[in-house]
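Chemist: Respectively, the protein sequence lines represent chains A and B. First residue of the first sequence? That's 34 in the numbering used here, and the numbers climb one at a time after it. First residue of the second sequence? That's 352 in the numbering used here, and the numbers climb one at a time after it.
Be a bit skeptical, because a hint or two may be false.
[To be verified] Which bits of chain A does chain B cover? Going by a derived footprint, with three or more residues having C-beta under 8 angstroms, they are:
| # | segment |
| --- | --- |
| 1 | 42–51 |
| 2 | 57–63 |
| 3 | 181–187 |
| 4 | 258–271 |
| 5 | 312–318 |
| 6 | 492–502 |
[Unchecked claim] Simulated restraints, written as ranges between beta carbons of each label pair:
| # | chain 1 | residue 1 | chain 2 | residue 2 | range |
| --- | --- | --- | --- | --- | --- |
| 7 | A | E540 | B | P459 | 56 to 62 angstroms |
| 8 | B | N468 | A | K279 | 30 to 36 angstroms |
| 9 | A | T324 | B | G371 | 37 to 43 angstroms |
| 10 | A | A99 | B | R390 | 53 to 59 angstroms |
| 11 | A | E359 | B | R390 | 58 to 64 angstroms |
| 12 | A | Q316 | B | N468 | 23 to 29 angstroms |
| 13 | A | E143 | B | G371 | 52 to 58 angstroms |
Simulated from the structure, these hints should not be mistaken for laboratory data. Ideal placement from N, C-alpha and C gives every residue a C-beta, glycine not left out.
Letter by letter, the chains look like this.
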Amino acid sequence: MYKYNDFDTAFVTERNAQFRAQVERRIDGSLTEDEFKPLRLMNGLYLQLHAYMLRVAVPYGSLNSAQMNTLALLAEKWDKGYGHFTTRQNIQYNWPKLSDVPDMLDALAEVGMHAIQTSGNTIRNVTSDHFAGAAADELEDPRPVAELIRQWSTDHPEFQFMGRKFKIAVGAATKDRAVLKAHDLAVRIVKNDAGETGYQILVGGGLGRTPMIGKVINDFLPRADLLPYIESVVSVWNQIGRRDNKYKARIKITVHEHGIDDIRARVDARFALIRPTFTGADQDLLAEIKTHFVAPIFRSGGIETYDVAYKADPVFRAWADTNLAEHRHADHAIVTISIKKHGATPGDASAEQMRVMADLAAKFGYDELRISHEQNVILPHVHKSDLPAMHAQLKEHGLGTANIGLISDIIACPGMDYCALATARAIPVAEQIATRFDELKLEHDIGNLQIKISGCINACGHHHVAHIGILGLDRAGVENYQITLGGDATWSAAIGERAGPGFAYDEIVPAVERIVGTYLEIRDNADETFLETFRRVGMAPFKAALYPEAIKKVA
Amino acid sequence: MTVIVTDTGFGPDTWTAGYGGDTALDLPSDTDPVQLVERLAAQVQMIRIAFPSFADGRGFTIARQLRLSGYKGHIRAYGHVIADQYAMARRSGFDDVEISEELAARQPEAQWLARANWQQNDYQARMRGGSPAAA
Ligand code: SF4
Chain A
34 MYKYNDFDTA FVTERNAQFR AQVERRIDGS LTEDEFKPLR LMNGLYLQLH AYMLRVAVPY
94 GSLNSAQMNT LALLAEKWDK GYGHFTTRQN IQYNWPKLSD VPDMLDALAE VGMHAIQTSG
154 NTIRNVTSDH FAGAAADELE DPRPVAELIR QWSTDHPEFQ FMGRKFKIAV GAATKDRAVL
214 KAHDLAVRIV KNDAGETGYQ ILVGGGLGRT PMIGKVINDF LPRADLLPYI ESVVSVWNQI
274 GRRDNKYKAR IKITVHEHGI DDIRARVDAR FALIRPTFTG ADQDLLAEIK THFVAPIFRS
334 GGIETYDVAY KADPVFRAWA DTNLAEHRHA DHAIVTISIK KHGATPGDAS AEQMRVMADL
394 AAKFGYDELR ISHEQNVILP HVHKSDLPAM HAQLKEHGLG TANIGLISDI IACPGMDYCA
454 LATARAIPVA EQIATRFDEL KLEHDIGNLQ IKISGCINAC GHHHVAHIGI LGLDRAGVEN
514 YQITLGGDAT WSAAIGERAG PGFAYDEIVP AVERIVGTYL EIRDNADETF LETFRRVGMA
574 PFKAALYPEA IKKVA
Chain B
352 MTVIVTDTGF GPDTWTAGYG GDTALDLPSD TDPVQLVERL AAQVQMIRIA FPSFADGRGF
412 TIARQLRLSG YKGHIRAYGH VIADQYAMAR RSGFDDVEIS EELAARQPEA QWLARANWQQ
472 NDYQARMRGG SPAAA
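Work out the full structure: start from the sequences and follow the hints.
Modeler: Spelled out as structure tokens, the structure:
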């Protein structure tokens, strides 16, 4: 875990003092509302439908128990007792008072946290693989690089008033768990044929109203070139990216309009100027940052208690089958705690639940926690013999749901319940789908199936890359839900295909049921996932199930 | 009349040659810095870059590109720049900021002086072993 040094602490303290003054200067009229807006946004404060929302950064989703306990404190003391984990591995508080926000930021600073650049037209909080440091398939822990990027991007003087936001993700594993191809810029730590480690850089991915898959701009970048290269990309885009239309401002449109080769040439020219300003201090910093991320000393010991519980207890077994992932040490497991209890708001955790998870991390998990972009909480290192005891405690606090990767493990954006831009509700749709499939007792049989729901075309719920994507629109004042099928959020990324006309609010759950029913009927065998089946058979059978009347008319 | 903001606060404009001659350039925020640098004449001593809105941050990139390309003359940010952007402007290579009297009245000198410590708490300087981004 990264620990703030004197510089980081002094920086955040100064920044919080500046924000406190900005709030006062807004009140005394020194700053107009227009001027205050980007300043509060770059400090994480967003205006929602009913109130302000504070989005706190959890850099690359990594935190320790003290930090999680502080998140619980914020929920209890200044909000309504809960927080919402987001698809950018952050946490949002939906009901803070403007006058309390400076105190909330000071409380965060005490545990080395902040809300800087979680909103606004800035380089956003950098995300990464939520299994980083534990996964068996990673080349190295990507978090030191992510932390270096966090420091470089923080308060970067050139990039605080850009045309739009800019999102960066870092990955280092064979499997992509960070949705790399849907980012403005993605850094993939790779090895070349000569066995050297370097970076593959992708640009121009993104969701929103014009979904695009990121393109490779540099196939192998030497390690020391990373920051100057990223800086060159952002600098070129800050200059030539469109500012006439906010929906055409993201770098994906710049890349689309200019072509990747033109962008690459511009970046290379700028890189020639910027590279000499980096003389190695960044590499020393990276080496120092790496010392913060050394793996814990993993304890050894038998795993009989695990084996016994697995055989004897079907509830534990179901949970172990879905919520555990392979750790690089065979006697440990990566535990995903579901924040997707059936019928509850996906990603919402109460202060009490946060404390329970913090305690479990301190007791069983080498004091480490992660937030996933799928809005769950992860304990990356748990010895298998501790799992039965841990599971028992999770169950007691509504955290024992066994549904990771299953149909009820839904990503949903805040939608009409909170968001001022929403055109439809998203959370209640997620709750109803989860409840329905829980009643049907089918979800374990269905297997891996990702549903993602957005409450408007901005696509914060990632519906484009869902196996079943749901987009809530407004059709003449009535909610209407469009379905896309076959999206993929991993390295084989794909944008889902639209199935046809949308469905009314009360038709959407039955429509999902028809899709799933069709899949169960036509899959080759129980091992063929929904996505595999879709890729094999295409849209036709699902369309037939979704729109039986249309088929009749043709026949 | 406008007000010139430097690290020591508010002051009058001491650039008397205006922007009509060949020693000074007055540039809009959509200037392409690459083309600008290619054509930059040796006698230019003053480049003023417009901020039509404080939200238009392209000027920061232009100033920085000028510095990286070796321009040693004066660079001034002109227009709607707010006190909160003073440190960014200085770190990007601007020497000073030119604002209207109306803005200077709304955001008085003390609010700008509060950002005169732009050399402190600078992640970019750390990344580059001590020098600010544009140096
Ligand atoms: S997708 Fe739309 S409704 Fe949902 S959070 Fe984003 S902007 Fe709001």
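Chemist: Which of the listed hints are broken here?
Modeler: 6, 9
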